[in-house]
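Position chains Z and S against the provided structure of chain W, taking the given hints into account.
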Amino acid sequence: MKKSYNIVAILVTTLILSVLIATACGPKTPAEPVSTGPITINIGVCAAMSGPAASYGQLGQETVDTFLQVFNRQGFKVSNQTYNFNVITADDQANSEGGSAAAKKLVYEDGCKFIVGHWTPNFKAVQAVTNPAKVIFFSHTGADAVPGPGGYDPKTMPYVAFPVAAHEVVVAYIFGIAEVNPNYKKIGIIDTVLNKGIGWDNADKQMDEKGIRYFHQFTQPNTANYAPFITKCAEEGCDFIFTSDVAAALAIVKQRWDMGYKDMRICCAGPITSPARWIQLAGYDAVQGLIVSSGAVWEARNRPLNADQIAMLQETMGLLADKHNGSFTYTGWIPWTPTQLFILSQAMQKAGTVDDTDALMKVIRGGTFDLPTGQYAFSGAQTYGSPVVMMTGIIECQIQGDKEVYYSQYHLPPLP
Amino acid sequence: MPPAGILVDGLVQSCIYMTMAFGMVLVFSILGILNWTHGQFYMLGAFVVYYAVTAAGIPFPISILISGGVIGGLGMLVGRYVIERVNVPGLGLLYVTAATVALNFFFEGGAGMAFGLEDKGLYNALPGVLDLGSFSVSYQKIAVVIFTLVIMVAMYVVLNFTKIGLAIRAAAQEPGAASLYGVSVGRLSIIVMGIGCALAGMAGAIMAPVYGVNPFIGGLPLIMALLAIIIGGIGSLTGAIVGGLILGLFSSIVPYYLGYISELALFLTVITLLIVRPQGLFGVPIRR
Amino acid sequence: MKFGNYRKLLPKIVVGLLIALIFILPVFTTSLVTLSKFVQIGFWAIAAMGFMLIMRTGQISLGQATFMGLGGYTSAVFMVKFGLPFWPGFFMAGIVAGLVALAVGVVAVRAGPIAFSIITLALAEIMRIIAVSWEPVTNGSKGLVITPPTHIMLGNFEINFATSAVPNYYFIVILVAITALIFWQIDRGRLGGIFRVIAVNPTLAEHQGIPLTKFKVLAFTVAAVFTGFAGSFYAHFLGVMSPDMYGLWQSIQALMMGIVGGISSLVAGPIVGAAVLNSLSDILSRLPVYSIKPTLFGAIVLLVLLFLPKGTGLIDLWRIFWSKVYKEKPITTDNTH
Numbered sequence: 004m005k006k007s008y009n010i011v012a013i014l015v016t017t018l019i020l021s022v023l024i025a026t027a028c029g030p031k032t033p034a035e036p037v038s039t040g041p042i043t044i045n046i047g048v049c050a051a052m053s054g055p056a057a058s059y060g061q062l063g064q065e066t067v068d069t070f071l072q073v074f075n076r077q078g079f080k081v082s083n084q085t086y087n088f089n090v091i092t093a094d095d096q097a098n099s100e101g102g103s104a105a106a107k108k109l110v111y112e113d114g115c116k117f118i119v120g121h122w123t124p125n126f127k128a129v130q131a132v133t134n135p136a137k138v139i140f141f142s143h144t145g146a147d148a149v150p151g152p153g154g155y156d157p158k159t160m161p162y163v164a165f166p167v168a169a170h171e172v173v174v175a176y177i178f179g180i181a182e183v184n185p186n187y188k189k190i191g192i193i194d195t196v197l198n199k200g201i202g203w204d205n206a207d208k209q210m211d212e213k214g215i216r217y218f219h220q221f222t223q224p225n226t227a228n229y230a231p232f233i234t235k236c237a238e239e240g241c242d243f244i245f246t247s248d249v250a251a252a253l254a255i256v257k258q259r260w261d262m263g264y265k266d267m268r269i270c271c272a273g274p275i276t277s278p279a280r281w282i283q284l285a286g287y288d289a290v291q292g293l294i295v296s297s298g299a300v301w302e303a304r305n306r307p308l309n310a311d312q313i314a315m316l317q318e319t320m321g322l323l324a325d326k327h328n329g330s331f332t333y334t335g336w337i338p339w340t341p342t343q344l345f346i347l348s349q350a351m352q353k354a355g356t357v358d359d360t361d362a363l364m365k366v367i368r369g370g371t372f373d374l375p376t377g378q379y380a381f382s383g384a385q386t387y388g389s390p391v392v393m394m395t396g397i398i399e400c401q402i403q404g405d406k407e408v409y410y411s412q413y414h415l416p417p418l419p
Numbered sequence: 083m084p085p086a087g088i089l090v091d092g093l094v095q096s097c098i099y100m101t102m103a104f105g106m107v108l109v110f111s112i113l114g115i116l117n118w119t120h121g122q123f124y125m126l127g128a129f130v131v132y133y134a135v136t137a138a139g140i141p142f143p144i145s146i147l148i149s150g151g152v153i154g155g156l157g158m159l160v161g162r163y164v165i166e167r168v169n170v171p172g173l174g175l176l177y178v179t180a181a182t183v184a185l186n187f188f189f190e191g192g193a194g195m196a197f198g199l200e201d202k203g204l205y206n207a208l209p210g211v212l213d214l215g216s217f218s219v220s221y222q223k224i225a226v227v228i229f230t231l232v233i234m235v236a237m238y239v240v241l242n243f244t245k246i247g248l249a250i251r252a253a254a255q256e257p258g259a260a261s262l263y264g265v266s267v268g269r270l271s272i273i274v275m276g277i278g279c280a281l282a283g284m285a286g287a288i289m290a291p292v293y294g295v296n297p298f299i300g301g302l303p304l305i306m307a308l309l310a311i312i313i314g315g316i317g318s319l320t321g322a323i324v325g326g327l328i329l330g331l332f333s334s335i336v337p338y339y340l341g342y343i344s345e346l347a348l349f350l351t352v353i354t355l356l357i358v359r360p361q362g363l364f365g366v367p368i369r370r
Numbered sequence: 120m121k122f123g124n125y126r127k128l129l130p131k132i133v134v135g136l137l138i139a140l141i142f143i144l145p146v147f148t149t150s151l152v153t154l155s156k157f158v159q160i161g162f163w164a165i166a167a168m169g170f171m172l173i174m175r176t177g178q179i180s181l182g183q184a185t186f187m188g189l190g191g192y193t194s195a196v197f198m199v200k201f202g203l204p205f206w207p208g209f210f211m212a213g214i215v216a217g218l219v220a221l222a223v224g225v226v227a228v229r230a231g232p233i234a235f236s237i238i239t240l241a242l243a244e245i246m247r248i249i250a251v252s253w254e255p256v257t258n259g260s261k262g263l264v265i266t267p268p269t270h271i272m273l274g275n276f277e278i279n280f281a282t283s284a285v286p287n288y289y290f291i292v293i294l295v296a297i298t299a300l301i302f303w304q305i306d307r308g309r310l311g312g313i314f315r316v317i318a319v320n321p322t323l324a325e326h327q328g329i330p331l332t333k334f335k336v337l338a339f340t341v342a343a344v345f346t347g348f349a350g351s352f353y354a355h356f357l358g359v360m361s362p363d364m365y366g367l368w369q370s371i372q373a374l375m376m377g378i379v380g381g382i383s384s385l386v387a388g389p390i391v392g393a394a395v396l397n398s399l400s401d402i403l404s405r406l407p408v409y410s411i412k413p414t415l416f417g418a419i420v421l422l423v424l425l426f427l428p429k430g431t432g433l434i435d436l437w438r439i440f441w442s443k444v445y446k447e448k449p450i451t452t453d454n455t456h
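Residue numbers (this note's numbering), protein chains in the order written: chain W, 4 to 419; chain Z, 83 to 370; chain S, 120 to 456.
Just chain W, with the same shape it has in the complex (with noise of 0.2 Å):
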């Protein structure tokens, strides 16, 4: 028995005193690049990469390496000088402490002087880290960034911007249900207490606004049994229920049907991972007219699509195919990385410049952009301190059969 205690003591002291060590030993630098040829500039991303909403983190981080494959064969030019991206994901574990340390890791670490492609609800612990490191952080508005007291003050984060206005979008999404069904009777809203807010109480404003018909109701996060949900809005004569969690919609779209009620469509907010593997948890029969939010820029009716943009997802999308058996139809990954690094790729050429944050947020302040569906432009040219907001639009597309057919979209007026 003694000698068990010499060999475990032996391990553990070497355990403790390696990784004091190994922590001690501070930051990488990243390689330095080849002289010649393109420059790579480092990308940070924070995302859940463990817990349950790993899966699309980890979607997010291959998709995002298979359109760098295609992206930076080309790369982009600033002052004669060609450059390509590399995006590095760290695990924030979708909490508070754990974007701290992912974003800490990646400024710190990882030298990445851009930050992109957020949709965890962590913005203040992330931002609280890039704002005193002048490093710029693309996010989505929503829950804890919104513009307002205690949420998003563009005095004190100046490095901040929001490529995808999320919050606002949840309006749209409505918007969108109420003009392809004039007669619909009443949407039904279920959303997690994360989301409640200014957020909400501007969105309730503007459908009141526009006489929307609704009936508004809050979960805990990770609510697993909707049926009390669910049948107060049967009793309030809802035929629609909306909702802009994933993981609720799932559950939604299965329990409703369990419960009898086949006549109410659901409308998610987000994108699915494809719609095989909904009809595999919930049955085909329930899953059929949901509809769900879709990246499909090519589809967009009557916009000025960018071409080369457009060819550029459309080949990645084939990679992605040929690396899945043939078969990959999840498009939710478009609008967030890669259309920031779109973004980013032009601001840096019309700034002149790849490090010079301040410089690069005076053109993003304002600026409009070439987008796969055509020019959108952030707000806050007129006010220094006002919100850096960009309105695009959703695609909503709808479930038939096991494809996603396209259903409609919104566009949202820009803000000034």
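The set of hints was computed from the structure by calculation and includes no laboratory data.
Source: prediction; values computed, not measured.
Don't be surprised by glycine CBs; every beta carbon is placed ideally from N, CA and C.
Incorrect hints may appear among the rest.
Stated by the list, open to error - Okay, the calculated beta carbon distance ranges per label pair:
no., chain 1, residue 1, chain 2, residue 2, range
1, W, GLY114, Z, ALA196, 31 to 37 Å
2, Z, ALA236, S, ARG315, 46 to 52 Å
3, W, SER330, S, PHE426, 44 to 50 Å
4, Z, VAL358, W, PHE218, 36 to 42 Å
5, Z, THR244, W, TYR287, 43 to 49 Å
6, S, LEU137, W, ASP207, 56 to 62 Å
7, S, PHE147, W, ASP207, 51 to 57 Å
8, S, THR269, W, LYS208, 35 to 41 Å
What the hints assert, rightly or not - Derived pair list, reagent style DMTMM-like, types lysine to aspartate or glutamate, alpha-carbon separation capped at 25 Å:
no., chain 1, residue 1, chain 2, residue 2
9, Z, LYS202, W, ASP405
10, W, LYS199, S, GLU254
11, Z, LYS202, W, ASP288
12, W, LYS406, Z, GLU200
13, W, LYS326, Z, ASP213
14, W, LYS235, Z, ASP213
15, W, LYS265, Z, ASP213
16, Z, LYS202, W, ASP204
17, W, LYS406, W, ASP242
18, W, LYS158, S, GLU254
19, S, LYS200, W, GLU65
20, W, LYS137, W, ASP156
21, W, LYS188, Z, GLU200
22, Z, LYS202, W, GLU65
23, W, LYS208, S, GLU254
24, S, LYS200, W, ASP156
Same frame as chain W, now just chains Z and S:
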């Protein structure tokens, strides 16, 4: 009076919480410890049934039994090689808590590594919906209720009318006296651990078609089982059943009226109950 | 004579060197990432020490996260809603945490040891739910943005918490040192003796006229006060306070750190436990195989629990290590470390 659909839904929730709480109390009464991995056995049971049905094509009802067997066996291994080693007098509660919590992480992460993190569905097991007028109930949920009834009856019979059941009850009440009568408390502990964990595994199995399967479904049943035991009284089997019933109905009716505040209401109710009557509804008063 | 002195002296010299190293670490590296990790370790060490102090009276508190959160929210709310600078909020954090612990403790301790654990467990979740629901004060699940402590001027020398990690590092080192010293003194003194009697033999304690509830609540409150301080500082360090930071699982992490460190030790054990588990967690989260982190984490804690003799933890390896070096039996009597 809440609508019938809500009551039925509450009943279905109760069934699961009851089964889980019952398993936990069984383990507690013999081994004297709360098993924090109980929720993960639920999750693993769901995975076993998923793979049994989809990969091996075994019919759903038999898969449930297989799930019970596999998870029961796993429970016995855990009991023998982890809990017994760590359950020393005096520090037992602390060490077992820490060990079972560590196992909790281990199983959750291990399931994630082995099976992947995405949801898996068993939609096709017992498909279909029974229309009862003002509301409908899916056959899957009816199966849950039937399953729980069968289990409860079986447990009642075993504990009251079989030799091994009587031995278990004797060992739970007075281990010293029981061993004097030739009951091997050590062996019984392992068997009880197996039964308790098998119950958790089968609960996970029968619920797998209803909510889907992923490595994270074990957390909520664990908390609910704990709360059910607290309401019913920690050492009491009847308490587990009643506590599960109350909790299940509460967790369906209160959100219907109060929305998202129901979670707070639930915790406050439990705390108040603990303050007013620390031993729960059916428990024995705490001897310090 | 000299030879005998060496034996007792050498371990103490090594410990002294380690402590000195910790104090002068910023000379070797001002890397934000490294110093942040030490801040994180220090914060959790205080929480784990609080847990151990409560353990000293024989109770298992699953509610340390409550006081981390209470401390954080108190100082955050004071800063955001009332405009107070950091220091008053910091002290209020400790006071509020202590008051809540007092109120809860009086009720929870009386309910018995198992009920105590369960009430403290529920407490963490209740605090989280209240934080999410009480929008006007806590901003709900969106959280509060707070700034690091304001800078201090010492003559011409400015200590700026916002621009460099070094002042934060020293803050947590000093906080840990103060907590450790106070706890150590409690343990060595009369109070520590009373705690031990209550834990080991409550009946004897009662016969000796010791009011059990009073001292159990005292330990609970003292632990809460220091945990509240730590929570307040950490929130300001991270720059944000949100409900997702402290819940049931954080309480359990504090418990695991205490146990892995070794429950025989009140001060050094939790620090070692916090250091090992936090570093482990950090290393594991960098591995490309996601989901390996909880698996290995659970496995390693389990191994420590299974293969080290009961009642010991990593800190006891220290004693055993030195006894191996000197090739003599380890001192088995109660070590006052």
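Evaluated hints:
1. GLY114(W) x ALA196(Z): 31 to 37 Å: Cβ of GLY114(W) to Cβ of ALA196(Z): about 36 Å, so the range 31 to 37 Å holds.
2. ALA236(Z) x ARG315(S): 46 to 52 Å: holds (48 Å)
3. SER330(W) x PHE426(S): 44 to 50 Å: Check passed, 48 Å falls within 44 to 50 Å.
4. VAL358(Z) x PHE218(W): 36 to 42 Å: The hinted range 36 to 42 Å holds for VAL358(Z) and PHE218(W), with Cβ atoms some 37 Å apart.
5. THR244(Z) x TYR287(W): 43 to 49 Å: holds (46 Å)
6. LEU137(S) x ASP207(W): 56 to 62 Å: holds (58 Å)
7. PHE147(S) x ASP207(W): 51 to 57 Å: For ASP207(W) against PHE147(S), whose Cβ atoms are near 55 Å apart, the range 51 to 57 Å holds.
8. THR269(S) x LYS208(W): 35 to 41 Å: This hint holds: roughly 38 Å between Cβ atoms.
9. LYS202(Z) x ASP405(W): holds (17 Å)
10. LYS199(W) x GLU254(S): holds (9 Å)
11. LYS202(Z) x ASP288(W): Roughly 17 Å between the alpha carbons, so the hint for LYS202(Z) and ASP288(W) holds.
12. LYS406(W) x GLU200(Z): holds (20 Å)
13. LYS326(W) x ASP213(Z): Roughly 44 Å separates the two Cα atoms, so the pair is violated.
14. LYS235(W) x ASP213(Z): Holds, at roughly 19 Å.
15. LYS265(W) x ASP213(Z): holds (12 Å)
16. LYS202(Z) x ASP204(W): Measuring from Cα to Cα gives roughly 35 Å; hence the hint is violated.
17. LYS406(W) x ASP242(W): At roughly 23 Å apart (the allowed maximum being 25 Å), ASP242(W) and LYS406(W) satisfy the hint.
18. LYS158(W) x GLU254(S): holds (24 Å)
19. LYS200(S) x GLU65(W): violated (43 Å)
20. LYS137(W) x ASP156(W): holds (15 Å)
21. LYS188(W) x GLU200(Z): violated (34 Å)
22. LYS202(Z) x GLU65(W): Cα-Cα ~21 Å, so holds.
23. LYS208(W) x GLU254(S): Satisfied, since the Cα-Cα distance of roughly 19 Å is no more than 25 Å.
24. LYS200(S) x ASP156(W): holds (16 Å)
The structure fails hints 13, 16, 19, 21 (numbered hints given earlier, in ascending order).
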